[in-house]
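> Spelled out from the first residue to the last, the chains are:
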Amino acid sequence: MTPLLQVENIAKLYGARIGCTDVSFDLYPGEVMGIVGESGSGKSTLLNCLAGHLVPDRGAVKFDTRADGQHDGGLRDTVTMSEPERRMLSRTDWAFVHQHARDGLRMNVSAGGNVGERLMAVNARHYGEIRDTATDWLGRVEIAADRIDDRPTAFSGGMQQRLQIARNLVTGPRLVFMDEPTGGLDVSVQARLLDLLRGLVREMGLSAIIVTHDLAVVRLLADRLMVMKDGQVVETGLTDQVLDDPQHAYTQLLVSSVLQV
Amino acid sequence: MSDYNFAYLDEQTKRMIRRAILKGLAIPGYQVPFASREMPMPYGWGTGGVQVSAAVLTPDDTFKVIDQGADDTTNAVSIRRFFQKTADVAVTEATAEASVIQTRHRIPEEQMNAGQILVYQVPIPEPLRFLEPSEVETRKMHALEEYGLMHVKLYEDISQHGAIATAYAYPVKVEDRYVMDPSPIPKFDNPKLSMPAIQLFGAGREQRIYALPPFTKVVSLDFDDYPFEATKADHACDLCGSTESYLDELIVDDAGGRMFMCSDTDYCTSRRKAGHIGAQGVPYEEDAA
Amino acid sequence: MISIENVSKSFTLHNQGGAVIPVMEGASLAVAAGECVALVGASGAGKSTLMRMIYGNYLTASGRIMVGDVDVATAQPREIIALRRRTLGYVSQFLRVVPRVSTLDVVAEPLLMTGTPHDEAREIARGLLARLNIPERLWALSPTTFSGGEQQRVNIARGFAYPYPALLLDEPTASLDPINRETVLTMVEEAKARGTAIIGIFHDAPARERLCDRQVDVTGFTPGLAA
Numbered sequence: 001m002t003p004l005l006q007v008e009n010i011a012k013l014y015g016a017r018i019g020c021t022d023v024s025f026d027l028y029p030g031e032v033m034g035i036v037g038e039s040g041s042g043k044s045t046l047l048n049c050l051a052g053h054l055v056p057d058r059g060a061v062k063f064d065t066r067a068d069g070q071h072d073g074g075l076r077d078t079v080t081m082s083e084p085e086r087r088m089l090s091r092t093d094w095a096f097v098h099q100h101a102r103d104g105l106r107m108n109v110s111a112g113g114n115v116g117e118r119l120m121a122v123n124a125r126h127y128g129e130i131r132d133t134a135t136d137w138l139g140r141v142e143i144a145a146d147r148i149d150d151r152p153t154a155f156s157g158g159m160q161q162r163l164q165i166a167r168n169l170v171t172g173p174r175l176v177f178m179d180e181p182t183g184g185l186d187v188s189v190q191a192r193l194l195d196l197l198r199g200l201v202r203e204m205g206l207s208a209i210i211v212t213h214d215l216a217v218v219r220l221l222a223d224r225l226m227v228m229k230d231g232q233v234v235e236t237g238l239t240d241q242v243l244d245d246p247q248h249a250y251t252q253l254l255v256s257s258v259l260q261v
Numbered sequence: 001m002s003d004y005n006f007a008y009l010d011e012q013t014k015r016m017i018r019r020a021i022l023k024g025l026a027i028p029g030y031q032v033p034f035a036s037r038e039m040p041m042p043y044g045w046g047t048g049g050v051q052v053s054a055a056v057l058t059p060d061d062t063f064k065v066i067d068q069g070a071d072d073t074t075n076a077v078s079i080r081r082f083f084q085k086t087a088d089v090a091v092t093e094a095t096a097e098a099s100v101i102q103t104r105h106r107i108p109e110e111q112m113n114a115g116q117i118l119v120y121q122v123p124i125p126e127p128l129r130f131l132e133p134s135e136v137e138t139r140k141m142h143a144l145e146e147y148g149l150m151h152v153k154l155y156e157d158i159s160q161h162g163a164i165a166t167a168y169a170y171p172v173k174v175e176d177r178y179v180m181d182p183s184p185i186p187k188f189d190n191p192k193l194s195m196p197a198i199q200l201f202g203a204g205r206e207q208r209i210y211a212l213p214p215f216t217k218v219v220s221l222d223f224d225d226y227p228f229e230a231t232k233a234d235h236a237c238d239l240c241g242s243t244e245s246y247l248d249e250l251i252v253d254d255a256g257g258r259m260f261m262c263s264d265t266d267y268c269t270s271r272r273k274a275g276h277i278g279a280q281g282v283p284y285e286e287d288a289a
Numbered sequence: 001m002i003s004i005e006n007v008s009k010s011f012t013l014h015n016q017g018g019a020v021i022p023v024m025e026g027a028s029l030a031v032a033a034g035e036c037v038a039l040v041g042a043s044g045a046g047k048s049t050l051m052r053m054i055y056g057n058y059l060t061a062s063g064r065i066m067v068g069d070v071d072v073a074t075a076q077p078r079e080i081i082a083l084r085r086r087t088l089g090y091v092s093q094f095l096r097v098v099p100r101v102s103t104l105d106v107v108a109e110p111l112l113m114t115g116t117p118h119d120e121a122r123e124i125a126r127g128l129l130a131r132l133n134i135p136e137r138l139w140a141l142s143p144t145t146f147s148g149g150e151q152q153r154v155n156i157a158r159g160f161a162y163p164y165p166a167l168l169l170d171e172p173t174a175s176l177d178p179i180n181r182e183t184v185l186t187m188v189e190e191a192k193a194r195g196t197a198i199i200g201i202f203h204d205a206p207a208r209e210r211l212c213d214r215q216v217d218v219t220g221f222t223p224g225l226a227a
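Protein chains in written order, with UniProt numbering: chain F, 1 to 261; chain H, 1 to 289; chain R, 1 to 227.
Because the hints were derived from the structure by calculation, they are not lab data. Treat the hints with caution; some may be incorrect.
[Unchecked claim] Simulated restraints on C-beta separations:
1. F:D103 x H:T243: 48 to 58 Å
2. F:G172 x R:R214: 49 to 59 Å
3. H:E229 x F:N123: 16 to 26 Å
4. H:P227 x F:G74: 38 to 48 Å
5. F:G172 x H:T73: 50 to 60 Å
Backbone N, C-alpha and C define an ideal beta-carbon position, used for all residues, glycine too.
Given these sequences and hints, build the entire structure.
Spelled out as structure tokens, the structure:
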């Protein structure tokens, strides 16, 4: 089986300071990988390098692209591919779920328009069909169909986050980047979102990379885990194995620091 | 003639603007940045159009200015006088006699011909502006032809009003490449954007010039199931009886009385001179006013 | 089906002065298809540790743990994930689920993960829940609020939803009343009859007698003693 994403020796430096360095891993279709670490550990820098929001100083981020008219498809380095191609990827095969929904939504555009944007970006030009698809997706993220013409500003935090997910998944991406997707939400809202994400990942066969500092979230969502500290990966493995039998001193500290409820 | 340089601007500035115009004509629909000058009038009063007019006028030109179709509004009158004073060019109100027409918010009803230049005053040249506030991002979107966002605006229109409610500044795609704001002309005028005359667009405050060479392909954006429609008030002109022209609605008394009349004053007057009379019209007389 | 050869394990506690605690050495055992083997030994002897190592939950320091044709001791995470999805089931003593998910979906999930259509998966889940006497009015609720015995039965239903060729059972009959205990024992027997290789921990001695073909005392794998 070909990996969907092959990350080789990614490094991003901020002057003399290390953002992240020496990061390599393979992600296979259908896999969900969690990246954990404390604030400043480089996990967000890494995610932004992978998603093309930051240009890494070293390394390759190879994605198994689909064949199209111009290319054969297969593993291609997204760091060196042309910007139009990378931007095309980021609105078709890739998706990015921001921690703050307002960073990932257009707050002055209706829910339907937010979901429809990615369809229109790939040249959907039939209003009725765009609206039907948007309605279907709102239903899948448990937003009532009669809210389709409301703006996200009229939505609760949890609804905004679900809308952001619908907006991202409507084009059937194969790889989803998530930056603290449940951060800032009430615990009950978090649970609902986690359930939703699990269902979508399973049904759509999505691969995902989730950055979070919440170990409970990764235990429920991620198949694999990568632990970062000071810009470096200190431990990787199966999620439950890393959490239940941590090998590195830092991971042991992280796991033992979680408050028990 | 006064002590001003011909058409107010100095020669170097006019050369700079002409270069921007030529580049705009070479890349139809592309917004060319230019070093907009301070003009002796406030931004929003047509400083972009005035600079473009200044750059294209020659002493032999005949100049016409319209504002919302009318030759006799304050803005039109002052710009016309400005070039009479600074360039000493001939002026006219007749569309057919003018070689350069500066316009705000309209395209003349009368077919424009090869050899004529239509100069538009543009308040906001960036069609993506209201959806994407970042100039860096909108430029990138133009460069990479990422225009999905433009349809989001039309989608919002339909979802809120049941139809594409954008009635003016209706976005168009030029030669299958650049999405362009045709300035706030009514969408009724959009089909006329492909014409034998040269069209130049000047935005003074935003420092952009763009252009449409003669017979450029200009397509108004729409959805398959909500096609573009050039609409106007469903009336005939009450003065000249025309059913073809774009109409202004005028409230005439406190009892809700109203009349519709051509927004293009030259067109209306010409028709009345030719003997056409609308529902509330009277036969044309010289110096009737 | 399951074959363990010369396996060892130790824990290093970096935050407690780097103390190294060896917990297992020279562990070997094999379980054939249709066979049930009980792990016995005093509390703390390493029964659960070995079980977790087989499931890939604990890392193995050395040796081989073959489940089918996968060596869990050296497999890549994705190989273990695939193994857990289709080959190796695990009924632990604890139910760990996303809050808010209905009991029915919790039980159906292993089937959904392997591509069983929704309706069919739910139908199988209903059958299991009914058989384990979980009242139907609870099926739509999340099991997080259930009593210990109810949670245990939901856990068993989930573990038996997909017909894994190999199964790990950690105290499946603990905290069950006699009727449900009997049901669970029957379910284990049925799995054996299907050819499932089973490794279990049973403090319930009669249950162990009834189900298991052999016993392996893990005390023999304790470092220091084996030498």
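> Determine for every hint whether it applies to the structure shown.
Hint-by-hint comparison with the structure:
no., hint, result
1, F:D103 x H:T243: 48 to 58 Å, "holds (52 Å)"
2, F:G172 x R:R214: 49 to 59 Å, "holds (51 Å)"
3, H:E229 x F:N123: 16 to 26 Å, "holds (22 Å)"
4, H:P227 x F:G74: 38 to 48 Å, "holds (41 Å)"
5, F:G172 x H:T73: 50 to 60 Å, "holds (54 Å)"
In the structure shown, no violation is registered for any of the earlier numbered hints.
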